[in-house]
Amino acid sequence: KNEVEQSPQNLTAQEGEFITINCSYSVGISALHWLQQHPGGGIVSLFMLSSGKKKHGRLIATINIQEKHSSLHITASHPRDSAVYICAVWIQGAQKLVFGQGTRLTINP
Amino acid sequence: DVKVTQSSRYLVKRTGEKVFLECVQDMDHENMFWYRQDPGLGLRLIYFSYDVKMKEKGDIPEGYSVSREKKERFSLILESASTNQTSMYLCASLKQGPGEQYFGPGTRLTVT
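Chain order of the listed sequences is A and B. Under this note's numbering, the first sequence has 97 at position 97, and the numbering climbs by one with no breaks. Under this note's numbering, the second sequence has 60 at position 60, and the numbering climbs by one with no breaks.
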């Protein structure tokens with residue numbers, strides 16, 4: 001079993017819909033990251049969380065440390081949000097990130 | 001802005017060739033990482049370095065080696081390329097954990 005599990009693996013929605021991507025992890029962590037990767041492109045960091053909730057524009061990330069779960073929400077989704085979204089955790093005591101398999105999001109106009 | 005650059009976006013090599021992938025960062029970061037990304041498997045850590053001339057094996061180091069002679073440059077070496085090393089290779093840098101990693105644009109390597 002992977003230490004970091006994301007769901008769904010693929011998500012297709014219509015423009016304007018509210019999107020939720022989930023991430024569960026099974027290890028103790030120092031921080032959780034949400035990353036975005038556009039087709040053919042590099043990876044950019046969206047959020048780093050260790051507790052609570054963060055918001056940036058239409059994107060909201062939450063984390064529940066007790067339940068070992070995080071969600072990434074996109075409000076009023078747009079075709080330019082189409083990308084792979086990756087959850088990654090910084091394991092306590094380690095010097096590395098462990099990544100989920102990613103969620104491929106497609107927003108149709 | 002932090003910039004992480006990789007020497008090639010696309011590379012085609014033959015089986016058995018020695019392959020060098022280079023990564024350069026311009027923000028004086030101590031930590032640098034090499035990952036490979038494959039469909040269905042996500043990003044997997046090959047090697048990382050937390051200082052000049054220091055290196056640590058990641059999860060899948062077999063068939064790879066690394067070199068870090070200068071702080072800004074981290075090289076990944078495929079000693080004898082094989083077809084199962086066809087993949088997207090991503091470099092990243094980090095000031096200190098558990099902070100934000102900055103990724104390069106990636107090198108798509110095809111070994112034929």
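Don't read these hints as lab results, they were simulated from the structure. Misleading hints may appear alongside valid ones.
Here are the simulated PhoX-like cross-link-like pairs (lysine-lysine), alpha carbons at most 25 Å apart as the crow flies [what the hints assert, rightly or not]:
{"#": "1", "chain 1": "B", "residue 1": "18", "chain 2": "B", "residue 2": "55"}
{"#": "2", "chain 1": "B", "residue 1": "95", "chain 2": "A", "residue 2": "54"}
{"#": "3", "chain 1": "B", "residue 1": "53", "chain 2": "B", "residue 2": "71"}
{"#": "4", "chain 1": "B", "residue 1": "95", "chain 2": "B", "residue 2": "55"}
{"#": "5", "chain 1": "B", "residue 1": "71", "chain 2": "B", "residue 2": "18"}
{"#": "6", "chain 1": "A", "residue 1": "55", "chain 2": "A", "residue 2": "68"}
{"#": "7", "chain 1": "A", "residue 1": "68", "chain 2": "A", "residue 2": "54"}
{"#": "8", "chain 1": "A", "residue 1": "55", "chain 2": "B", "residue 2": "95"}
{"#": "9", "chain 1": "B", "residue 1": "18", "chain 2": "A", "residue 2": "53"}
- [ ] Compare the structure with the hints numbered earlier in the document and write down the numbers of the violated ones, lowest to highest.
- [x] 9
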